[in-house]
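Colleague: What follows is the residue order along each chain.
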Amino acid sequence: GAGVSQSPSNKVTEKGKDVELRCDPISGHTALYWYRQSLGQGLEFLIYFQGNSAPDKSGLPSDRFSAERTGGSVSTLTIQRTQQEDSAVYLCASSKGYEQYFGPGTRLTVT
Amino acid sequence: GQNIDQPTEMTATEGAIVQINCTYQTSGFNGLFWYQQHAGEAPTFLSYNVLDGLEEKGRFSSFLSRSKGYSYLLLKELQMKDSASYLCAVSNAGNNRKLIWGLGTSLAVNP
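Respectively, the protein sequence lines represent chains S and L.
Residue numbering for the first sequence follows our numbering, starting at 85 and increasing by one per position.
Residue numbering for the second sequence follows our numbering, starting at 78 and increasing by one per position.
Extracted from the complex, chain S is given alone in its bound form (with noise of 0.2 Å):
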């Protein structure tokens, strides 16, 4: 079956502009999960859904961040106003049970 899409796969911004990602996740999930990842680093929690939950939004280095996750499917992931430490490769992953099934991710570069 289909597994968790992101889109778009690479995106170029200038300092400054708001930038929007989002993330499909396997039908079914009911657990939704955004990571970023530096060159070199681990993953570095930012957000989670879990069904109608309040989302876990701990893991946001700036409210410049937000994300939402409408129907309990599809979340978009927005920074505001953007700067050049933004610059990562944004991870979704959704789960139903343990196991989490992780997307292509974007690459995001912030110019």
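These are calculated hints, taken from the structure and not from any lab test.
One or more hints might be untrue.
What the hints assert, rightly or not - Capping the alpha-carbon separation at 20 Å, the derived lysine to any residue pairs in SDA-like fashion look like this:
no., chain 1, residue 1, chain 2, residue 2
1, L, K158, S, S150
2, S, K180, L, N126
3, L, K175, S, S150
Unchecked claim - Beyond 12 Å from chain S on every Cβ pair, some chain L residues (computed):
no., residue
4, Q96
5, Q114
6, E118
7, G135
8, Y147
9, K153
10, M157
11, D159
12, A185
Idealized CB from N, CA, C, for every residue including glycine.
Place chain L on chain S using the hints.
Modeller: Positioned in the frame of chain S, the structure of chain L alone reads:
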């Protein structure tokens, strides 16, 4: 604080056995995960340990000692395609879905 330690890099020879260690200090424990990540790709699930002992899955095995805060991933009959980063992650919450990630161990398998 929460901390996961694993070696940064390892090298091994094709056909050999390699053990990748992971030590953790977390406020709680509800399972330990190993993921494989090839360069430029998303992580993929390898194993999950919640009880002490060895879990074997083909060429890969994972061991856990909760009292020591220690795990290892054992890769047997190494193949060139095993060259990748291996990520250790711990769930410290009642729901085992929000993970704390190590920085990963980059394994190079040489012919």
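Colleague: Would you mind marking each hint as holding or not holding in the structure?
Modeller: Quick rundown of the hints versus the structure:
Proximity of K158/L to S150/S is assessed by CA-CA distance (about 37 Å); at most 20 Å being required, the pair is judged violated. About 17 Å separates the Cα atoms of K180/S and N126/L, which keeps this hinted pair within 20 Å; it holds. Under the criterion of a C-alpha separation no larger than 20 Å, the hint pairing K175/L with S150/S is consistent with the structure, at around 18 Å. Against the 12 Å criterion, Q96/L stays outside the reach of chain S, whose nearest CB is about 20 Å from its own CB.
Not every Cβ of chain S is farther than 12 Å from the Cβ of Q114/L; the closest lies at roughly 9 Å, contradicting the non-interface assignment. For E118/L, the requirement that its beta carbon stay farther than 12 Å from each beta carbon of chain S is not met, with the minimum near 7 Å. Against the 12 Å criterion, G135/L stays outside the reach of chain S, whose nearest CB is about 16 Å from its own CB. Remark: the non-interface label on Y147/L is consistent with the geometry, its nearest Cβ contact in chain S lying 18 Å away (cut-off 12 Å).
For K153/L, the shortest C-beta to C-beta distance to chain S comes to about 22 Å, beyond the 12 Å cut-off, and the non-interface label holds. Under the 12 Å C-beta cut-off, the non-interface status given to M157/L relative to chain S holds; the minimum distance is some 21 Å. The beta carbon of D159/L sits about 19 Å from the closest Cβ of chain S, which is more than 12 Å, so the claim that it is off the interface holds. No beta-carbon of chain S comes within 12 Å of the beta-carbon of A185/L; the shortest separation is about 14 Å.
Going down the numbered hints, you'll see the structure goes against 1, 5 and 6, while the others check out.
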